[in-house]
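Line order of the protein sequences matches chains A and B.
Using the numbering used here, the first residue of the first sequence is number 1, and each one after it goes up by one.
Using the numbering used here, the first residue of the second sequence is number 630, and each one after it goes up by one.
Do not take every clue at face value.
Mimicking SDA-like on lysine to any residue, the simulated pairs with C-alpha atoms at most 25 Å apart in a straight line are [what the hints assert, rightly or not]: (1) A/K438 to A/A475; (2) A/K364 to B/L651; (3) A/K254 to A/Q354; (4) A/K341 to B/R656; (5) B/K788 to B/L753; (6) A/K171 to A/K224; (7) A/K321 to A/N593; (8) B/K693 to A/T204; (9) B/K740 to A/K37; (10) A/K171 to B/L676; (11) A/K95 to A/E466; (12) B/K675 to A/A201; (13) B/K641 to B/L651; (14) B/K788 to A/E417; (15) A/K37 to A/T204; (16) A/K321 to B/L676; (17) B/K675 to B/P695; (18) A/K321 to A/D235; (19) B/K771 to B/K675; (20) B/K788 to A/A608; (21) B/K788 to A/D433; (22) B/K740 to A/L455; (23) B/K788 to A/H102; (24) A/K224 to B/E636; (25) A/K321 to B/E687; (26) B/K788 to A/A123; (27) A/K19 to A/E452; (28) B/K641 to A/A608; (29) A/K19 to A/K37; (30) A/K221 to B/K771; (31) B/K641 to A/G621; (32) A/K321 to B/V690; (33) B/K740 to B/E761; (34) A/K221 to B/L648; (35) B/K788 to A/G414; (36) A/K525 to A/E452; (37) A/K321 to A/K341.
Keep in mind the hints are simulated off the structure, nothing from the lab.
Below, each chain spelled out in residue letters.
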Amino acid sequence: MALLQISEPGMSAAPHQHKLAVGIDLGTTNSLVATVKSGMTTVLQDEHGHALLPSVVRYMPDGEVLVGHAAQAQQSNDPVNTIASAKRFMGRSLKDIADRAHIPYNFVDSSDSTKILQLQTRAGLKTPVEISAEILKILKVRAEKSLGGELVGAVITVPAYFDDAQRQATKDAARLAGLNVLRLLNEPTAAAVAYGLDNAAEGTFVIYDLGGGTFDVSILKLTKGVFEVLATNGDSALGGDDFDHRIYCWVLDKIRESNNNFSPLSESDTRLLLTKARQAKEWLTDNYEAQIVCRLSNATLVDVTLTSAQFVELTQQLVIKTLSPTRKAMRDANLRLEEIKGVVLVGGATRMPQVRHAVEEYFKQTPLTNLDPDKVVALGAAIQANALVGNRSDNDLLLLDVTPLSLGLETMGGLVERIIPRNSTLPVARAQDFTTYKDGQTAMSIQVVQGERDLVADCRSLARFELRGIPPMAAGAARIRVTFQVDADGLLSVTAREQTNGVESHVVVKPSYGLSEDEITLMLKSSFGNAESDKKARMLAEARVSAGAIINSVSLALVSDSHLISEQEKLAIETEIQKLRIISNAEDAVAINKAVDSLNHATEAFAAARMNASVSRALAGKNLEDIKL
Amino acid sequence: MNLNYFELFGLKPVFNVELATLESNFRKIQSESHPDRFVTASAAEKLSAMQRATLANEAFVCIKNPANRAKYLLELQGITAISETNTAMPTDFLMQQMEWREATEDAVSVKDITALDRLLAEILVEANSLQERLVSLLDVQKDYAAATDATRKLIFIDKVSEDINRAIEQIDI
Numbered sequence: 001m002a003l004l005q006i007s008e009p010g011m012s013a014a015p016h017q018h019k020l021a022v023g024i025d026l027g028t029t030n031s032l033v034a035t036v037k038s039g040m041t042t043v044l045q046d047e048h049g050h051a052l053l054p055s056v057v058r059y060m061p062d063g064e065v066l067v068g069h070a071a072q073a074q075q076s077n078d079p080v081n082t083i084a085s086a087k088r089f090m091g092r093s094l095k096d097i098a099d100r101a102h103i104p105y106n107f108v109d110s111s112d113s114t115k116i117l118q119l120q121t122r123a124g125l126k127t128p129v130e131i132s133a134e135i136l137k138i139l140k141v142r143a144e145k146s147l148g149g150e151l152v153g154a155v156i157t158v159p160a161y162f163d164d165a166q167r168q169a170t171k172d173a174a175r176l177a178g179l180n181v182l183r184l185l186n187e188p189t190a191a192a193v194a195y196g197l198d199n200a201a202e203g204t205f206v207i208y209d210l211g212g213g214t215f216d217v218s219i220l221k222l223t224k225g226v227f228e229v230l231a232t233n234g235d236s237a238l239g240g241d242d243f244d245h246r247i248y249c250w251v252l253d254k255i256r257e258s259n260n261n262f263s264p265l266s267e268s269d270t271r272l273l274l275t276k277a278r279q280a281k282e283w284l285t286d287n288y289e290a291q292i293v294c295r296l297s298n299a300t301l302v303d304v305t306l307t308s309a310q311f312v313e314l315t316q317q318l319v320i321k322t323l324s325p326t327r328k329a330m331r332d333a334n335l336r337l338e339e340i341k342g343v344v345l346v347g348g349a350t351r352m353p354q355v356r357h358a359v360e361e362y363f364k365q366t367p368l369t370n371l372d373p374d375k376v377v378a379l380g381a382a383i384q385a386n387a388l389v390g391n392r393s394d395n396d397l398l399l400l401d402v403t404p405l406s407l408g409l410e411t412m413g414g415l416v417e418r419i420i421p422r423n424s425t426l427p428v429a430r431a432q433d434f435t436t437y438k439d440g441q442t443a444m445s446i447q448v449v450q451g452e453r454d455l456v457a458d459c460r461s462l463a464r465f466e467l468r469g470i471p472p473m474a475a476g477a478a479r480i481r482v483t484f485q486v487d488a489d490g491l492l493s494v495t496a497r498e499q500t501n502g503v504e505s506h507v508v509v510k511p512s513y514g515l516s517e518d519e520i521t522l523m524l525k526s527s528f529g530n531a532e533s534d535k536k537a538r539m540l541a542e543a544r545v546s547a548g549a550i551i552n553s554v555s556l557a558l559v560s561d562s563h564l565i566s567e568q569e570k571l572a573i574e575t576e577i578q579k580l581r582i583i584s585n586a587e588d589a590v591a592i593n594k595a596v597d598s599l600n601h602a603t604e605a606f607a608a609a610r611m612n613a614s615v616s617r618a619l620a621g622k623n624l625e626d627i628k629l
Numbered sequence: 630m631n632l633n634y635f636e637l638f639g640l641k642p643v644f645n646v647e648l649a650t651l652e653s654n655f656r657k658i659q660s661e662s663h664p665d666r667f668v669t670a671s672a673a674e675k676l677s678a679m680q681r682a683t684l685a686n687e688a689f690v691c692i693k694n695p696a697n698r699a700k701y702l703l704e705l706q707g708i709t710a711i712s713e714t715n716t717a718m719p720t721d722f723l724m725q726q727m728e729w730r731e732a733t734e735d736a737v738s739v740k741d742i743t744a745l746d747r748l749l750a751e752i753l754v755e756a757n758s759l760q761e762r763l764v765s766l767l768d769v770q771k772d773y774a775a776a777t778d779a780t781r782k783l784i785f786i787d788k789v790s791e792d793i794n795r796a797i798e799q800i801d802i
């Protein structure tokens, strides 16, 4: 907000005003944290000079939690307690996970498809959210150490094709790690930001992002600092891991061929072979053949050689699988190949020669690879984080992203009625009216799904929202307006209002998947070990900070824009400000927060008026610098 | 502030809009209104931003799409172009629709995406011709009765294109 950065003309913001913000790439295979410091965007390293943090978490016998290289090194020795690629399980239930037999973890069996997935480890039951939180905690510490202060917030990236459940899980993990999420940013968009600002090019670009566990393809248009996503598509269960898996299966076949009494592999051996498979895949990027040698726990010797030609054949179908979402995105964007200015490859898996060839062949141009495919997403996230906290330089950048999947409601006969089409620019909202079908009905259940198919059964169930508190009336008499809003993070929120007889009553909406508020609070308590008094002190401090912030911003706004409102309104606002100042000195966090709400409410019309004014000015071609304050 | 969608973008309420101006003004509005600009602002400002950005997106989609634009222009004149109670269309138009739908089904049954693309191109020609007529009917002649007929046809045609695109999607796995 420009109004908050009042400085002398010609002078840049003083260094101490620079807010600490980072971009975090929470990847399937590796995670990174990056920041903008003194105008330079850099990935932060650990004390050993490593930029990449392997997304591997190990629960030790002594209760310690290891994250990264140390955890990864001992994977084969402790497969059940060393969890890798937890991202593949975020926001998923047990039945979503294919091929569980070849994944060496102890999944907790559950027939309830809405129950969050859990793994049994020596440290107890762990959800993917908690596991991911451990990775985020390490990155937070790394960042704060490196930058010498507390973070204002972080932009965390997610695959563009992540659905609501997967996004919410990511936000929950950040909360558990004590991070303030400024924005969930789609990975291809982050990459586009890094490339776009690097090359300063206008035009339409395709981002082809093949990571460890997810595939995204996004088409973006860059015009005068505004990045507009035209279309996005992908497969949130397709990535480099699947290429490893193909090699793993091939090795198993080879073992079976030469061993008559072949018994199922132990978890250790499974993890060992998967690791060898990954190493072979990476070796084959630059070599014609890879030798896979190891000894299983039953003393069987494995010694096979995989040629790159064989590898290409084994994984051909996977590469072809990436082209279907690519075609769909091009169609949705209504673009011809000639209109694409550049194709950007993102994600370690795009190092594979067969992937590069496929992309080059399809788009008929050589892809851009000048930025490190492992780092480009974190760099883009850091650039956006920097902009969001207000450290903006002259390069204004605005990201207009879209929702990747259509949102629909279940109607009669198990059909889907689409209410928000895919590739709608965010934020987006739609209202739909409902009524009751029984006399005196006071609640109803709405199932929201994401997907492009016509049957509910073929789409992903987002949540079953329960509307409660409908005033009892005759069947069909109630008029309930339900508004579906998707915010800039791509998260859905549902609000409902019953509006008959001139009485508007709010209806409570409860989604029913993922972690509940209580579960998160419990996890927060146990992970930070907060004593009751600590918690009270923290709440009071936070309340005072938010009071200070709003008093500051509203006071500044009144200085420049009070001509937009009546004297009466101005007086009402100033009264609220005074009230809040006084209450802030007391020790009551609840009262302070209430007074903050009260002031917010009093400034709603003022905020809208200022918005109108700034929009009018923008359309008239003036900007705030031209107007004398 | 009760502006209609055209006024929101600083455009005259005509069918023949300047798309370049529409897009440029849309970007300008989003630069001022988008939630990303208000991440550290007060709740009231965030609310205002969310509402304005959502409205801008809604208005943009409406005016950018020719069928929606025509429908909206008629609404500004108090005319509802299409509703559950007035779906009657001229016979020759319905025949054309049926031909297109049969051709679609035939192509789908043999998974012929090329044929479907050809159909889309054919339909586009028809849509463009209707749009040209709408410029004249809405902006010049102000013949709202004829404009309503043309708009209804355009809305139907849009729906057929949409269905064909969905069919292609289901085939192209």
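Broken hints, numbered, in rising order? 2, 6, 7, 9, 12, 15, 16, 17, 19, 20, 23, 25, 26, 27, 30, 32, 33, 36
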